[in-house]
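Asks: Starting from the structure of chain A, add chain B where the hints point.
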Amino acid sequence: MTFVFPRESLRAFPPSLHPDYKSTVKRAPKRPLVVTPHTLSELTGPVYGHDNIRRGDEDLTKQHTGEPLGERIVVHGRVLDEDGRGVPDTLVEIWQANACGRYIHKRDQHSAPLDPNFTGAGRTATDAEGRYKFVTVKPGAYPWGNHPNAWRPAHIHFSLFGHSFLSRLVTQMYFPGDPLMAYDPIFNSVGDEKARARMVSRFDLATTEPDWALAYEFDIVLRGRNQTPAQS
Amino acid sequence: MSGITPSQTVGPYFAIALTPGGDEWTPTVGNNLVTPDASGERVRIEGRVLDGDGGPVNDAMIEIWQADAAGRYAHPADKRANPNAAFRGFGRAGTDTGGSYSFETVKPGAVAGPNGPQAPHVVFAVFARGMLRQCYTRLYFSDEKANSADPILGLVPQERRATLIAQRQNAGGHAVYRFDIRLQGESETVFFDV
Chain A
1 MTFVFPRESL RAFPPSLHPD YKSTVKRAPK RPLVVTPHTL SELTGPVYGH
51 DNIRRGDEDL TKQHTGEPLG ERIVVHGRVL DEDGRGVPDT LVEIWQANAC
101 GRYIHKRDQH SAPLDPNFTG AGRTATDAEG RYKFVTVKPG AYPWGNHPNA
151 WRPAHIHFSL FGHSFLSRLV TQMYFPGDPL MAYDPIFNSV GDEKARARMV
201 SRFDLATTEP DWALAYEFDI VLRGRNQTPA QS
Chain B
1 MSGITPSQTV GPYFAIALTP GGDEWTPTVG NNLVTPDASG ERVRIEGRVL
51 DGDGGPVNDA MIEIWQADAA GRYAHPADKR ANPNAAFRGF GRAGTDTGGS
101 YSFETVKPGA VAGPNGPQAP HVVFAVFARG MLRQCYTRLY FSDEKANSAD
151 PILGLVPQER RATLIAQRQN AGGHAVYRFD IRLQGESETV FFDV
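The listed protein sequences derive, respectively, from chains A and B.
According to the numbering used here, the first sequence is numbered sequentially starting from 1.
According to the numbering used here, the second sequence is numbered sequentially starting from 1.
Only chain A is shown next, with the shape it has when bound in the complex (with noise of 0.2 angstroms):
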């Protein structure tokens, strides 16, 4: 198949400068982007898939001797490019803070407990039709600077290949119902309701699995379309 990736579809993404995102304001390119056509270094990009993910680093619950606390959740969906077609053997990597809210980053101060039991990292690849499947813990809000009392909605950071380098996509999955989204400026950046709902998953009972685990359900679309004729 041959992939193109339409310039229009970029209208869902966030500007670069968002000012109520405060440290947007000093790293937001100012001159003008140059236009440039698809040529073969856009057209391809990294493939990476199951041959680099090992055993266990999609369940984040089992990276240690004993289990991480906090609510056991299922995190799984689709990888579809705008054809609603899904995306086979592409990576898939998370991060993610505790169950408290804490990052296992050296830089992150927030005073509640790191977990001995979660690292927050994971990894997967999607199979024939794009699925994907992780077991986690649901992390915690936390506080950061960007406002008097700003404090980030849980979410789960998301990174993604497709089709080609761009196809690349960087993201972060929300949970619906979440109060804190409606004063997130990260959140907010995005400036389509409709855009900004894409980033929420869906609490999924169907897949819930009883007394062990509550389950969200997240597809992600990623630039390119399908170009090869229809064979009739």
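Derived by calculation from the structure, the hints in this document are not laboratory data.
Mixed in with the good hints there might be a few duds.
Unchecked claim - Within a straight-line C-alpha distance of at most 25 angstroms, the following computed SDA-like cross-link-like pairs (lysine to any residue) qualify:
1) A:30 - B:193
2) A:194 - B:41
3) A:138 - B:23
4) A:133 - A:86
5) A:26 - B:79
6) A:26 - B:54
7) B:79 - B:41
Replies: Below, chain B alone, put in the same frame as chain A:
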């Protein structure tokens, strides 16, 4: 469902999963792209990421994507790629407290372009806390005559092209290309709308 999933910032803590350095997790890929079978000149690419005040960005993630020394990409869309080659052409690095990053790689060959070949180049994607979406740019090599005929460089205003040219230096017999990325300011790096 219609529409793509929006980008969000990589945030300050991506290093726990994506870049090397921690004890707790082995990242998928690091900043050394060289494989035993990779032909071509071994080079180091290094530089700093700077913000609008000229200060170091100590929490940026740089990803690079490049062809091999024969100008082939390790991807199904490049039919000339040698499927058995170990060279993948992809690397990832985080910046340090001084905003510095580096890659060990091989110099890519010329790549097919829309109207004739493109000069050897490396595609960069820049991510950071405070960047809501990645920015794409390209590194070109200062010692390549083909730069003057490159179709992409030709689209860049003449006075800004220098921001895309990495300067070759020799450090102990090892070729080093210096490539600073300025997110803002008078010498702001050219970023592409792709």
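Asks: Sort out whether residue 193 of chain B lies within 25 angstroms of residue 30 of chain A, counting only the CA atoms.
Replies: holds (13 angstroms)
Asks: For the pair supplied as a hint, residue 194 of chain A and residue 41 of chain B, is the alpha-carbon distance within the 25 angstroms limit?
Replies: Given that 25 angstroms is the threshold and the Cα spacing comes to 49 angstroms, the pair is violated.
Asks: Quickly compare the C-alpha distance for residue 133 of chain A and residue 86 of chain A to 25 angstroms and report which way the hint goes.
Replies: Holds. Residue 133 of chain A to residue 86 of chain A sits at ~14 angstroms (cutoff 25 angstroms).
Asks: Would you check the hint for residue 26 of chain A and residue 54 of chain B, treating anything up to 25 angstroms between C-alpha atoms as holding?
Replies: holds (9 angstroms)
Asks: Between residue 79 of chain B and residue 41 of chain B, is the straight-line Cα distance small enough, at 25 angstroms or below?
Replies: holds (23 angstroms)
Asks: Residue 26 of chain A and residue 79 of chain B: Cα distance at most 25 angstroms?
Replies: With a Cα-Cα distance of about 42 angstroms, the restraint between residue 26 of chain A and residue 79 of chain B is violated, given a limit of 25 angstroms.
Asks: Between residue 138 of chain A and residue 23 of chain B, is the straight-line Cα distance small enough, at 25 angstroms or below?
Replies: OK: residue 138 of chain A and residue 23 of chain B at ~23 angstroms, within 25 angstroms.
Violated hints, in rising order: 2 and 5; the structure is consistent with all others.
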